[in-house]
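Number of protein chains: 2
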Amino acid sequence: MATSKKKTKQSADTTQASGASKKAGGVRARVRAELTAEIKAAAGRQMAESGASSLSLRAIARELGMASSAIYRYFASRDELLTALIIDAYEDLADSIDAAVAEVDADDRHAQFAALARALRTWAVNNPHEYALIYGSPVPGYAAPQDTIASAARVPQALLVLLMGGHETTKPIPKNDLSTSLAGLIDYTERSIDVEALGQGVEVWAELFGLISLELFGHFTNTVTDPELFFEQAITRMASRVIDTTG
Amino acid sequence: MATSKKKTKQSADTTQASGASKKAGGVRARVRAELTAEIKAAAGRQMAESGASSLSLRAIARELGMASSAIYRYFASRDELLTALIIDAYEDLADSIDAAVAEVDADDRHAQFAALARALRTWAVNNPHEYALIYGSPVPGYAAPQDTIASAARVPQALLVLLMGGHETTKPIPKNDLSTSLAGLIDYTERSIDVEALGQGVEVWAELFGLISLELFGHFTNTVTDPELFFEQAITRMASRVIDTTG
DNA sequence: GCGAAACGAGAGCACTGCTCTCGTTTCAGA
DNA sequence: TCTGAAACGAGAGCAGTGCTCTCGTTTCGC
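Chains as they are written, first to last, in the working numbering: chain A, 825 to 1071; chain B, 825 to 1071.
Since the hints were made in silico from the structure, they are not lab data.
Keep in mind that a hint or two might mislead.
One copy or two, it doesn't matter: identical chains are merged, so the pair holds either way.
Mimicking DMTMM-like on lysine to aspartate or glutamate, the simulated pairs with C-alpha atoms at most 20 Å apart in a straight line are [said to hold, decoys possible]:
id, residue 1, residue 2
1, LYS864, GLU992
2, LYS864, GLU904
3, LYS999, ASP1050
4, LYS999, GLU1056
5, LYS999, GLU1052
6, LYS999, GLU1020
Sequences are here, hints too, so could you generate the full structure?
Here it is, written out as structure tokens:
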């Protein structure tokens, strides 16, 4: 009876959600880029007020006035959107730190470290959900794609540069527990930094994130009454450890 | 026509989901306690393999062979279940630490600190999801109920005890930036601990959590190749800072 | 100009937390 | 001991989610 819907010649619908740029010229490509950015912006807005865990693709679609299924033309899944936000967060943080460090005298390494630390904390305080997204507990199933790793590395890179400014070494790396545990870092820095300094760097790095995480995640309430003031004091001590370590 | 269902005298159904113990005697009370424990156990099992974010009340009900709505007789909401798990996690961690510290010579404070630190990390490594639950990013809307605070405090308490073992003071607390920022902690310890030592304690505390969080959350991959070995080295240095601080 | 690819909209599936109702079981007080 | 009230389990139902599939339209590249 009813003829099955006329079968128009239909194509395969093989849109790449994680669009690898395609031709940059076309009008469609431009619109696509804009919409992608709009989706990320809406997601960022939504995340800023309710956090990453409650981020809803449907809510984003609603805000943008489009069907929820349309989002999938731009991001293959919620996870992929999250990944994009993670990368953006890393980049934004790294930019903030780099800018702050660049503003102070390159010879004053104490001041450089202080600038780095303050930039890190300030960014975290101003973007708590983004901070939680990248340095808080990761979603269990979530395996960081290779893309994020490069961006993630930019942040500690700033501290490594600081270390390189005073602890370069040409001496062979000693073979001991410390160098064993830091093998990856030693490799990454091409054996150019003194191992003791590297170790102090990692420790200070951990303290920085510890202080900020404990503050942001509410573990300082009623004990460390003024986290910012305490952080300032800690900066001085941490700077000494990072900079005055004799290799 | 059809008589509306006969209105049996019906009561108000005012079960308190967050059961405040009631009479301990009755059979019903005992069954209730058992089922509550079973639900928490199932939740813990489910969390251990897929993390807290994907914890599903319906899945728990399924595992226990009951209707999902029945769960609400025991926990008013998913959040309340989470809270119970959080408290259990804090208690379990605090127990582990206390037990580890108690096993070493009370006079050897370096060894005591080392035991504390190792117990903390070991627990975290063995219970990564529980660790993430209590020290990772909190759910944005989630405000820690008063109940959790007491349990949460037990953990850093262990370090405070260590500090008290060597930095008691009867001198008045100086009025400076450090004491201002730590006002809450000074109050909590009833001004019995030297402020400098308190400051070092907080810093070391932060470093401990920083090291463990960075390791567990995957920020050490390819850099700190052997986190456990590195942690061991850091312990020595941290112990010195905590214990050898001259007030 | 035309075929193929890209796209937006909409329906639908399986899942979630949570609520409400209803019949049953247990408890506590008279 | 009896009885009304409280506690309980089951089930249906609601609103929300991520994601898939289909279908008609628009745009692109050759």
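* **Unsatisfied constraints (hint numbers, rising)** => Of the numbered hints, just 1 does not hold.
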